[in-house]
Amino acid sequence: MEETCNMQEIVKPENLVYKKSSLLLDKTFTYCPGCGHGTVTRILAELIEELGLQKQTVGVSPVGCSVLLYAFMDIDFQQAAHGRAPAVATGIKRLLPDRFVFTYQGDGDLAAIGTSETIHACNRGENILIIYINNGIYGMTGGQMAPTTIPGMKSSTSPRGRNVQTMGYPLKITDIAATLPGTYYVTRQSVHTPAAVRKTKKAMRRAMEYQSLNRGLCFIEIVSNCPSGWKMTPVESIKWMEENMLPYYPLGDLKTPAGENTNQ
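At position 172 of the sequence shown the residue is numbered 173 (our numbering), and the sequence of numbers has no breaks.
In short, the hints are calculated from the structure, not lab data.
Don't take every hint at face value.
As the list claims (entries may be wrong) - Here are the simulated distance ranges between beta carbons:
id, residue 1, residue 2, range
1, 165, 213, 39 to 47 angstroms
2, 53, 30, 41 to 49 angstroms
3, 162, 215, 40 to 48 angstroms
4, 257, 168, 30 to 38 angstroms
5, 57, 168, 39 to 47 angstroms
6, 165, 215, 17 to 25 angstroms
7, 194, 164, 29 to 37 angstroms
As the list claims (entries may be wrong) - Derived BS3-like pairs (lysine-lysine); straight-line CA-CA distance at most 30 angstroms:
id, residue 1, residue 2
8, 232, 256
9, 20, 203
10, 200, 56
11, 202, 56
12, 202, 240
13, 240, 203
14, 155, 56
15, 240, 20
16, 202, 28
17, 56, 28
18, 202, 232
19, 56, 20
20, 173, 21
21, 155, 20
22, 155, 173
23, 173, 240
Quick reminder that beta carbons are idealized off the backbone N, C-alpha and C, glycines included.
Model the full assembly from the supplied sequences, consistent with the hints where possible.
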């Protein structure tokens with residue numbers, strides 16, 4: 002007689018490696034395949050659930066790939082005009098100080114049309130979290146050069162590569178944010194490897210917990226690939242990011258609370 006398998010005996014709770022967050026809606030991600038947005042969305046949902054913040058959380062996204070976030074997570078959400086997410090988040094947090102408020106923005110939004118809102122929210126020390134996805138390009142609107150496009154990088158509006166003599170230098174807005182007195186925790190991370198994902202989740206958890214201290218703005222840049230905009234396969238784009246983006250945008254903490262070593 003053939004032996005039969007009892008799946009209930011095989012799949013035991015203690016053997017569970019991963020479980021989808023209950024905050025993620027039953028909808029397929031519409032981010033491009035291989036893009037880092039999906040991983041960041043998963044991490045964010047997991048942390049909000051783990052910290053028990055679902056009912057207290059308000060997210061804000063403007064125009065761009067980041068605007069899709071509201072469709073995937075079961076939390077309160079507000080869309081903002083292009084570049085204005087920090088201003089909208091400021092209003093929400095001041096009116097509802099007991100809420101956990103974050104913005105989710107791309108580099109074309111945050112570092113271009115939203116530069117003013119970003120810098121002034123950081124300088125005022127608004128008690129919010131800014132999550133900033135930097136893929137060095139305008140991902141949703143056709144792959145144009147962004148403020149973060151690195152020297153020599155090709156885009157639809159810089160087909161021969163970014164020439165700093167005529168197009169200027171990339172804007173390292175995270176470095177600027179770290180110099181402002183209103184920021185409390187500023188870090189640059191990525192999600193292109195399992196180890197990087199763990200570090201990003203740890204950094205994001207810290208930023209969420211810091212908001213309860215009411216000591217200033219937390220700013221997390223996440224360097225990501227953009228296979229569609231870069232005209233590469235996901236594997237090619239990760240390799241290109243490691244060889245070109247990360248040397249220009251090195252990972253790690255830029256500003257930490259006094260007396261704390263967050264790299265441990």
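Hint check results:
no. : hint                           : result
1   : 165 to 213: 39 to 47 angstroms : holds (42 angstroms)
2   : 53 to 30: 41 to 49 angstroms   : violated (25 angstroms)
3   : 162 to 215: 40 to 48 angstroms : holds (45 angstroms)
4   : 257 to 168: 30 to 38 angstroms : holds (33 angstroms)
5   : 57 to 168: 39 to 47 angstroms  : holds (43 angstroms)
6   : 165 to 215: 17 to 25 angstroms : violated (40 angstroms)
7   : 194 to 164: 29 to 37 angstroms : holds (32 angstroms)
8   : 232 to 256                     : violated (34 angstroms)
9   : 20 to 203                      : holds (18 angstroms)
10  : 200 to 56                      : holds (26 angstroms)
11  : 202 to 56                      : holds (20 angstroms)
12  : 202 to 240                     : holds (22 angstroms)
13  : 240 to 203                     : holds (24 angstroms)
14  : 155 to 56                      : violated (43 angstroms)
15  : 240 to 20                      : holds (29 angstroms)
16  : 202 to 28                      : holds (22 angstroms)
17  : 56 to 28                       : holds (21 angstroms)
18  : 202 to 232                     : holds (28 angstroms)
19  : 56 to 20                       : holds (21 angstroms)
20  : 173 to 21                      : violated (34 angstroms)
21  : 155 to 20                      : violated (39 angstroms)
22  : 155 to 173                     : holds (18 angstroms)
23  : 173 to 240                     : holds (21 angstroms)
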